[in-house]
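The lines below spell out each chain.
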Amino acid sequence: MAAVRADDLDQLVPLFERYHGPLFNYLTRLTNDRETGEDLTQTVFERILKYRSSYQPTQPFKAWVYQMARNVHADYWQRQQKLRAADADVEDVERTGALRGAAFSQMRVSNHHDDLHEALNLLPAPQREILVLNRFQGFGYEEIGQLLGCTAEAARVKAHRALQALRKIYFAN
Amino acid sequence: MKTPELSACHELETLLPAYVERSLPAAEAQRVAAHLPTCLSCQLQVTQLRALTDDLDAALPEVPRTALRANFMALLEQEKQLLKPAVAPAAPVQPEAKEAKMVSMWPTALANGWMRIAASIVLIAAGVLLGRNLSWKDGESSSVATNAKPAPAELAQSMRQASASDRIQLVSNTSKQTEPGDPTVQVLLNTLNFDASPNVRLAACEALYRLREDPQVREGLVHSLSIQTDPNVQITLIDMVVAMRVRRAVPQLEKLSKRADALPVVRAQAEAGIGKLI
Numbered sequence: 000m001a002a003v004r005a006d007d008l009d010q011l012v013p014l015f016e017r018y019h020g021p022l023f024n025y026l027t028r029l030t031n032d033r034e035t036g037e038d039l040t041q042t043v044f045e046r047i048l049k050y051r052s053s054y055q056p057t058q059p060f061k062a063w064v065y066q067m068a069r070n071v072h073a074d075y076w077q078r079q080q081k082l083r084a085a086d087a088d089v090e091d092v093e094r095t096g097a098l099r100g101a102a103f104s105q106m107r108v109s110n111h112h113d114d115l116h117e118a119l120n121l122l123p124a125p126q127r128e129i130l131v132l133n134r135f136q137g138f139g140y141e142e143i144g145q146l147l148g149c150t151a152e153a154a155r156v157k158a159h160r161a162l163q164a165l166r167k168i169y170f171a172n
Numbered sequence: 000m001k002t003p004e005l006s007a008c009h010e011l012e013t014l015l016p017a018y019v020e021r022s023l024p025a026a027e028a029q030r031v032a033a034h035l036p037t038c039l040s041c042q043l044q045v046t047q048l049r050a051l052t053d054d055l056d057a058a059l060p061e062v063p064r065t066a067l068r069a070n071f072m073a074l075l076e077q078e079k080q081l082l083k084p085a086v087a088p089a090a091p092v093q094p095e096a097k098e099a100k101m102v103s104m105w106p107t108a109l110a111n112g113w114m115r116i117a118a119s120i121v122l123i124a125a126g127v128l129l130g131r132n133l134s135w136k137d138g139e140s141s142s143v144a145t146n147a148k149p150a151p152a153e154l155a156q157s158m159r160q161a162s163a164s165d166r167i168q169l170v171s172n173t174s175k176q177t178e179p180g181d182p183t184v185q186v187l188l189n190t191l192n193f194d195a196s197p198n199v200r201l202a203a204c205e206a207l208y209r210l211r212e213d214p215q216v217r218e219g220l221v222h223s224l225s226i227q228t229d230p231n232v233q234i235t236l237i238d239m240v241v242a243m244r245v246r247r248a249v250p251q252l253e254k255l256s257k258r259a260d261a262l263p264v265v266r267a268q269a270e271a272g273i274g275k276l277i
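Protein chains in written order, with numbering that gives the first Met the number 0: chain B, 0 to 172; chain R, 0 to 277.
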């Protein structure tokens, strides 16, 4: 990333190869929509390019990029809230948008995983995020703590609470 | 009798996720282990937590469409172009500026007019220069666009010459217009097996999936499983043969699941695929 910062943009390609999959997963699971996940992943890399000069070489790239992904998601979420407040029809638009994106993804889903994702989506956003980071992104509690600005122990407790909450939803019927 | 049991449950409940995760300190783990046989509700919770953990671990990662990569590459290219012109247009501006200085001796009204003309010349010159710099890109993309319905032979020909991103576009254009049974399938299969860029190969996968009615496609995909080495392509192929329920792919999947040079995630995916096919 230090090379990218010095305008050697080709060096971003290996970073893209390494992180775009995990970031796409993270954002797709947070938004529950593949298309939005792709858009937001794209935005993350746009911002990396735009703000490359603000990268501190001492900082791990992973932490920096996930912080950026969180911000991108937060911005998206706020925009959605405003849209929802302004216009209730937006939900219809969202639904058709999700349908289009499902064309290729439809071949990979099985009902079983749908249940799990539905349960995940019923969790409050912060709990969902912590589980996604912990279970799907392979983040340790230490890393989660750094990202969310709390101690590793607090991250552990939160993750366990989230897991219990998910269990209750998942096995509700 | 019941009250202390319940409060014990309540207290232990918060420890259960850590117990299932095996991250509890030994003393607390022992307390939980001692409590479990006496309490059905906590037993149930532990079973459910284990099942949930297994399901979470088994959840497949979502794979982004290749468009994401193509978009990123386009973005990167654009950003690089932005870096370049910062140097380029500076050169032609200087001689024009001299001319503008010369006419500044004229009466002000006239000079203003000349200044305007000079400025417009500078703008046009910069525009032409930029246009020349960028024109190769437009030319190629328009050639891709005009080739909207290439014959398979032409397609094979242009596949050999075009750059990776153009090849992706060619591949995705093709499949929109071809009918099953078309020789294009063979070209796409060749692309899938022998193109140097994994992104082009992935685009060929997507294109072939749309032509899945053709028996050649099923045969070709099974064959390709043994050739591919890129994990993205491998996983996409596995997903496709599973989705198309190609039972003949099972021996290839078995080989893939044992290949030492395949990524663990690919091997796991192959095994999961076998499970779904048999």
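Incorrect hints may have been included.
As the list claims (entries may be wrong) - Which stretches of chain R does chain B cover? Using the computed rule of at least three CB atoms under 8 Å from a CB of chain B, they are:
{"id": "1", "region": "12-19"}
{"id": "2", "region": "74-81"}
{"id": "3", "region": "114-124"}
{"id": "4", "region": "255-268"}
Said to hold, decoys possible - Taking lysine-lysine pairs in the DSBU-like style, the calculated list, with each CA pair at most 35 Å apart, reads:
{"id": "5", "chain 1": "R", "residue 1": "Lys-275", "chain 2": "R", "residue 2": "Lys-257"}
{"id": "6", "chain 1": "B", "residue 1": "Lys-61", "chain 2": "B", "residue 2": "Lys-49"}
{"id": "7", "chain 1": "B", "residue 1": "Lys-61", "chain 2": "B", "residue 2": "Lys-81"}
{"id": "8", "chain 1": "B", "residue 1": "Lys-49", "chain 2": "R", "residue 2": "Lys-79"}
{"id": "9", "chain 1": "R", "residue 1": "Lys-257", "chain 2": "B", "residue 2": "Lys-49"}
{"id": "10", "chain 1": "R", "residue 1": "Lys-257", "chain 2": "B", "residue 2": "Lys-61"}
{"id": "11", "chain 1": "R", "residue 1": "Lys-254", "chain 2": "B", "residue 2": "Lys-49"}
{"id": "12", "chain 1": "B", "residue 1": "Lys-49", "chain 2": "B", "residue 2": "Lys-167"}
{"id": "13", "chain 1": "B", "residue 1": "Lys-167", "chain 2": "R", "residue 2": "Lys-275"}
{"id": "14", "chain 1": "B", "residue 1": "Lys-49", "chain 2": "B", "residue 2": "Lys-81"}
{"id": "15", "chain 1": "R", "residue 1": "Lys-254", "chain 2": "R", "residue 2": "Lys-275"}
{"id": "16", "chain 1": "B", "residue 1": "Lys-167", "chain 2": "B", "residue 2": "Lys-61"}
{"id": "17", "chain 1": "R", "residue 1": "Lys-79", "chain 2": "B", "residue 2": "Lys-167"}
Honestly, the hints are just simulated from the structure, not real lab data. C-beta atoms are modelled at their ideal positions from N, C-alpha and C, and glycine is treated no differently.
Evaluation of the provided hints:
no.	hint	in the structure
1	12-19	holds (count 5)
2	74-81	holds (count 4)
3	114-124	violated (count 0)
4	255-268	violated (count 0)
5	R:Lys-275 with R:Lys-257	17 Å, holds
6	B:Lys-61 with B:Lys-49	17 Å, holds
7	B:Lys-61 with B:Lys-81	30 Å, holds
8	B:Lys-49 with R:Lys-79	12 Å, holds
9	R:Lys-257 with B:Lys-49	44 Å, violated
10	R:Lys-257 with B:Lys-61	32 Å, holds
11	R:Lys-254 with B:Lys-49	45 Å, violated
12	B:Lys-49 with B:Lys-167	43 Å, violated
13	B:Lys-167 with R:Lys-275	29 Å, holds
14	B:Lys-49 with B:Lys-81	26 Å, holds
15	R:Lys-254 with R:Lys-275	16 Å, holds
16	B:Lys-167 with B:Lys-61	32 Å, holds
17	R:Lys-79 with B:Lys-167	51 Å, violated
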